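Chains as they are written, first to last, in our numbering: chain A, 73 to 328; chain B, 2 to 671.
These are computed hints drawn from the structure, not numbers from a lab. Computed from a predicted model, the values in this text were never measured in an experiment. Mixed in with the good hints, there may be bad ones.
Said to hold, decoys possible - Short, incomplete list of chain A residues facing chain B, as computed with Cβ under 7 angstroms:
(1) 131
(2) 146
(3) 269
(4) 273
(5) 314
Every residue, glycine too, gets a C-beta built ideally from N, C-alpha and C.
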Amino acid sequence: MVYYRPTGDEIEVFETAAKNKLPVLLKGPTGCGKSRFVRYIAEKMGRKLITVSCQEDLSGSDLTGRFLLEGGSTVWRDGPLTTAIREGAICYLDEVVEARADVLTVIHPLTDDRRALHIDRLGEELEAPDDFMIVISYNPGYQSVTKELKESTRQRFVSLSFDYPEADAEAEIIMEESGCDADVAKQLVRLGKASRNLRAHGLKEGASTRILVYAAKLNVAGLPLDLACRSTLVGSLTDDEEMSKALDELVRTVLG
Amino acid sequence: MAVPTSPNGTDSPYVDGIEPDIDSVDEMLTDQEAEDAILASFLYSPPVRQLVPGIDNGTPLSVVQRRVTAWLSMVTGRHLASGYSDPSSTDGDNLFLPPAVAAPAEEIADERLYRVMGIIQIGLVELGFLSNKALLSDIHKDWVLRSTYHILAARAVLNHYRRVFPGLDADISAVASMEKAGSLRVNITPVPKDGLPDAFLPLYAGITGHHSWGEAGFSASKARDAVEAINAETNLPALRLLISGQAVNLREHFLSLRLGPPPLPWYLGIVRPEWFLAKMGYDGDADEDWKKGQLPLRQLIQARAKLGLNKKGIKNQEGPSLRSRLKSRFRRKLESPAGAGSVSNQPAYGVARDDAQAKAIKEARPKFAEGIDHSIFTNESVVEPDDEGHVHDEWDFRMRNYRLAATRVLTPEAQGGSIDGYNKIVQTHKAEITRIQRQFEALRIEERWRGGEREGPELDLPRVVRAISDIQAGHQPDDTLFRRFIRDPQDVTVMTLVDLSGSTQGRILSEEQRAVVLFAEGLNRLAVPHSFFGFNGSAPTSCTLHRLKGFAEPYDDGVYKRLGNLRAMGGTRLGAHIREAHRMLSTRPESRRILILLSDGKPEARGDYRGEYGIEDSAMAVKEGAKHGVKTHCISLDFSGEAPEYLSKIFGPGNFLVLERAESLAHRLP
Numbered sequence: 073m074v075y076y077r078p079t080g081d082e083i084e085v086f087e088t089a090a091k092n093k094l095p096v097l098l099k100g101p102t103g104c105g106k107s108r109f110v111r112y113i114a115e116k117m118g119r120k121l122i123t124v125s126c127q128e129d130l131s132g133s134d135l136t137g138r139f140l141l142e143g144g145s146t147v148w149r150d151g152p153l154t155t156a157i158r159e160g161a162i163c164y165l166d167e168v169v170e171a172r173a174d175v176l177t178v179i180h181p182l183t184d185d186r187r188a189l190h191i192d193r194l195g196e197e198l199e200a201p202d203d204f205m206i207v208i209s210y211n212p213g214y215q216s217v218t219k220e221l222k223e224s225t226r227q228r229f230v231s232l233s234f235d236y237p238e239a240d241a242e243a244e245i246i247m248e249e250s251g252c253d254a255d256v257a258k259q260l261v262r263l264g265k266a267s268r269n270l271r272a273h274g275l276k277e278g279a280s281t282r283i284l285v286y287a288a289k290l291n292v293a294g295l296p297l298d299l300a301c302r303s304t305l306v307g308s309l310t311d312d313e314e315m316s317k318a319l320d321e322l323v324r325t326v327l328g
Numbered sequence: 002m003a004v005p006t007s008p009n010g011t012d013s014p015y016v017d018g019i020e021p022d023i024d025s026v027d028e029m030l031t032d033q034e035a036e037d038a039i040l041a042s043f044l045y046s047p048p049v050r051q052l053v054p055g056i057d058n059g060t061p062l063s064v065v066q067r068r069v070t071a072w073l074s075m076v077t078g079r080h081l082a083s084g085y086s087d088p089s090s091t092d093g094d095n096l097f098l099p100p101a102v103a104a105p106a107e108e109i110a111d112e113r114l115y116r117v118m119g120i121i122q123i124g125l126v127e128l129g130f131l132s133n134k135a136l137l138s139d140i141h142k143d144w145v146l147r148s149t150y151h152i153l154a155a156r157a158v159l160n161h162y163r164r165v166f167p168g169l170d171a172d173i174s175a176v177a178s179m180e181k182a183g184s185l186r187v188n189i190t191p192v193p194k195d196g197l198p199d200a201f202l203p204l205y206a207g208i209t210g211h212h213s214w215g216e217a218g219f220s221a222s223k224a225r226d227a228v229e230a231i232n233a234e235t236n237l238p239a240l241r242l243l244i245s246g247q248a249v250n251l252r253e254h255f256l257s258l259r260l261g262p263p264p265l266p267w268y269l270g271i272v273r274p275e276w277f278l279a280k281m282g283y284d285g286d287a288d289e290d291w292k293k294g295q296l297p298l299r300q301l302i303q304a305r306a307k308l309g310l311n312k313k314g315i316k317n318q319e320g321p322s323l324r325s326r327l328k329s330r331f332r333r334k335l336e337s338p339a340g341a342g343s344v345s346n347q348p349a350y351g352v353a354r355d356d357a358q359a360k361a362i363k364e365a366r367p368k369f370a371e372g373i374d375h376s377i378f379t380n381e382s383v384v385e386p387d388d389e390g391h392v393h394d395e396w397d398f399r400m401r402n403y404r405l406a407a408t409r410v411l412t413p414e415a416q417g418g419s420i421d422g423y424n425k426i427v428q429t430h431k432a433e434i435t436r437i438q439r440q441f442e443a444l445r446i447e448e449r450w451r452g453g454e455r456e457g458p459e460l461d462l463p464r465v466v467r468a469i470s471d472i473q474a475g476h477q478p479d480d481t482l483f484r485r486f487i488r489d490p491q492d493v494t495v496m497t498l499v500d501l502s503g504s505t506q507g508r509i510l511s512e513e514q515r516a517v518v519l520f521a522e523g524l525n526r527l528a529v530p531h532s533f534f535g536f537n538g539s540a541p542t543s544c545t546l547h548r549l550k551g552f553a554e555p556y557d558d559g560v561y562k563r564l565g566n567l568r569a570m571g572g573t574r575l576g577a578h579i580r581e582a583h584r585m586l587s588t589r590p591e592s593r594r595i596l597i598l599l600s601d602g603k604p605e606a607r608g609d610y611r612g613e614y615g616i617e618d619s620a621m622a623v624k625e626g627a628k629h630g631v632k633t634h635c636i637s638l639d640f641s642g643e644a645p646e647y648l649s650k651i652f653g654p655g656n657f658l659v660l661e662r663a664e665s666l667a668h669r670l671p
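I would like the entire structure built from these sequences, with the hints used as guidance.
Below, the structure written as structure tokens:
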């Protein structure tokens with residue numbers, strides 16, 4: 073089973089929402105475990121998970137399905153959303169604010185008491201089975217005037233806020249994911265926490281749990297820890313030379 | 002607000018080394034007025050360590066400031082704004098570091114020194130050593146207690162961060178052994194290292210490399226015990242109590258030995274209890290004795306007052322009042338390139354710094370400044386601002402450093418005139434406007450291919466295939482079958498500054514007037530958020546951006562009346578105007594921010610803001626904007642022939658255009 077360490081009551085909330093056939097919205101900074109949580113909970117609940125990474129070319133019909141030419145005839149192919157409905161799966165739209173507006177229009181009927189999808193090309197009204205669930209995620213830190221989740225959409229979802237785990241929990245995650253020892257995990261957590269102090273004060277984001285796990289993996293694979301940290305944290309957090317130097321110095325300060 | 006013993010890095014604790022004539026305080030001003038006046042005078046003083054190349058200066062703070070500030074924020078979790086003070090200090094919201102350390106300049110070692118100075122100051126706040134009102138009140142009144150407490154608390158701070166961050170141990174040890182870091186002083190007065198009383202020596206063990214507590218005799222035992230106890234304690238609440246108690250004990254001990262305050266190594270900085278006390282806001286029935294200043298000073302004032310003597314022991318003579326002398330000094334500072342001088346209450350960069358500076362000035366000079374007739378500073382008419390303006394630094398290339406808070410830029414609404422001015426230009430320049438609009442439409446602001454469009458120059462093949470499939474299946478196909486380059490108009494914003502200095506009067510102004518109208522018509526067609534401001538003003542504190550059209554303003558009669566009636570006066574303090582424009586642009590949500598200047602010539606204004614000075618300051622302002630994502634371009638109407646040389650210096654090659662006539666805009670736009 074995929075590893076996930078709960079950081080609050082997110083599992084209880086999610087399962088209760090699922091029992092009541094309510095859609096769920098996950099929000100939190102990059103690399104804090106949103107997608108991992110969805111994988112974990114789907115496995116825990118024994119449901120199939122269909123993940124769609126949203127981007128600006130993704131349209132509503134990409135989600136529902138399309139006719140394709142096969143030989144001399146046309147064949148309908150379900151999109152991921154239709155497939156999820158037919159199979160009673162969890163449909164996870166990752167970074168939903170990146171998608172076009174018509175994607176949200178398509179999913180709206182699935183997020184209220186109708187729980188239905190109308191496929192106009194097939195002339196078919198698909199009723200979602202009880203096991204079907206829609207989950208969306210986004211990173212509030214990346215929102216802008218042009219990429220903002222509308223209030224009307226947000227209020228259709230049960231909301232779960234994620235943030236980076238507490239120090240002990242984060243160290244445990246890093247150890248579990250990378251196989252590093254407790255001292256290394258503790259140092260990485262301290263580095264991550266310190267870098268997050270600069271979030272919105274020079275860095276767009278602090279170090280994610282994911283990037284800390286990468287650093288730990290490189291260290292376990294034989295790279296010295298300071299080099300592993302510089303290759304992951306420093307390089308990936310900023311292109312600003314001065315901020316890079318500050319992060320470099322932070323690595324030295326924390327690791328000694 | 003109390004009269005601060007302001008850090009200024011000279012032997013004298015006073016601005017310019019001139020002690021305010023405290024005798025006059027009783028004669029001319031109320032206590033509160035005197036405090037406000039003297040405080041204002043301190044705040045408007047120039048930077049404490051003037052950076053003259055080759056003269057006794059190590060690495061300037063400006064070289065390492067961003068990364069040091071970022072590092073301190075990450076390590077301590079506190080986002081303190083930073084400013085200048087020598088020695089280092091803090092008021093809890095701002096971290097003040099020296100503008101330069103002493104020579105020699107060794108960037109790595111000096112950066113380490115700045116970091117350690119910063120962490121001591123932040124640590125004193127973060128670890129709660131400056132949070133007890135009663136304690137602050139005590140150390141405010143007693144220098145022996147203050148110095149003793151400071152040196153013990155700094156030790157605890159260093160011990161704490163050494164334990165938390167292994168890498169800091171080596172840094173702190175290295176700094177402790179630096180000669181320039183360990184120079185000793187009492188308050189800001191240097192003290193020789195030789196001949197220190199034995200009783201003090203243990204205080205320096207591990208903090209500076211110049212003293213050995215092993216040599217200390219019997220009288221040092223109390224300090225040794227105190228240091229050992231502090232080194233052994235790791236619990237913070239216990240440490241706070243321990244240090245308070247030990248500081249009081251040691252004070253008694255030092256006084257019994259007829260010793261004064263133990264001198265502090267320079268890098269430990271200085272503690273300003275009055276800053277914290279002022280913010281804590283003693284309520285009415287609380288002890289406000291601390292506000293009256295330090296006891297010895299007060300006693301001295303009283304003694305002198307009784308004898309009718311001034312500070313030199315000479316009978317007071319008739320002369321200008323303190324108020325008038327301060328006014329005069331203030332006026333000189335405003336007229337100098339340093340302008341408003343050094344408001345040390347400064348974050349490192351960006352909008353936060355401007356706001357902090359504005360706030361500092363506002364708070365620092367209420368009574369003093371309000372009593373001044375601004376018209377005596379400038380021949381220009383007094384502008385009634387619709388805001389309080391923003392304060393900006395000015396780059397002095399000779400000092401290789403900023404003159405802090407040297408300029409203030411106001412942004413009032415420009416005066417309008419008849420709407421005919423605008424309409425007439427539109428009517429007589431229809432052809433040019435059409436061309437410019439076409440040019441603007443062709444501007445590649447942000448283009449990329451996007452599929453699934455209803456119109457476009459190319460077919461979106463996957464969607465076409467899908468549509469054919471739909472048709473064959475007997476369904477209505479999707480009509481989003483094309484792909485095209487798209488521009489995202491919301492992702493760009495344009496601000497145009499028009500030079501309205503006196504030198505444009507005449508032909509250039511009329512050329513600018515036409516250019517503004519043509520621009521406005523083009524930008525209106527482009528439908529991106531944009532604004533127009535006219536700029537002028539010679540005196541550092543009366544720089545003005547006249548709002549012709551704000552970002553949020555639609556094109557209405559009011560805007561047309563302002564755009565069509567430009568008026569010229571004053572000089573061109575270009576750097577200040579560019580910085581204010583960058584500040585305004587930095588608040589815009591668009592990711593691409595473009596600043597366009599319409600100007601007639603070199604940046605020149607009153608004083609020495611001319612020649613290299615103006616060019617270098619303007620060039621630095623352009624670079625600052627670039628760091629924050631603002632692209633600055635200039636369209637020059639300087640026909641002198643020397644324009645390309647200095648425009649290239651200011652804006653960089655390729656970022657300027659020299660026009661002979663406004664009408665040629667359409668042909669010359671990139």
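(message) Let's test the interface hint: is any C-beta of chain B closer than 7 angstroms to that of residue 131 (chain A)?
(response) It holds, given that the least Cβ distance between residue 131 (chain A) and chain B is near 5 angstroms, below 7 angstroms.
(request) Have a go at the residue 146 (chain A) hint: is there a Cβ in chain B nearer than 7 angstroms to its own Cβ? (result) holds, 4 angstroms
(request) Could you check if residue 314 (chain A) really has its C-beta closer than 7 angstroms to a C-beta on chain B? (result) holds, 4 angstroms
(message) Interface hint check: residue 269 (chain A), Cβ to nearest Cβ on chain B, cutoff 7 angstroms. Holds or violated?
(response) holds, 5 angstroms
(request) Hold the hint about residue 273 (chain A) up to the distance rule: shortest CB distance to chain B must be less than 7 angstroms. (result) holds, 5 angstroms
When the structure is compared with the earlier hints, no violation turns up for any of them.
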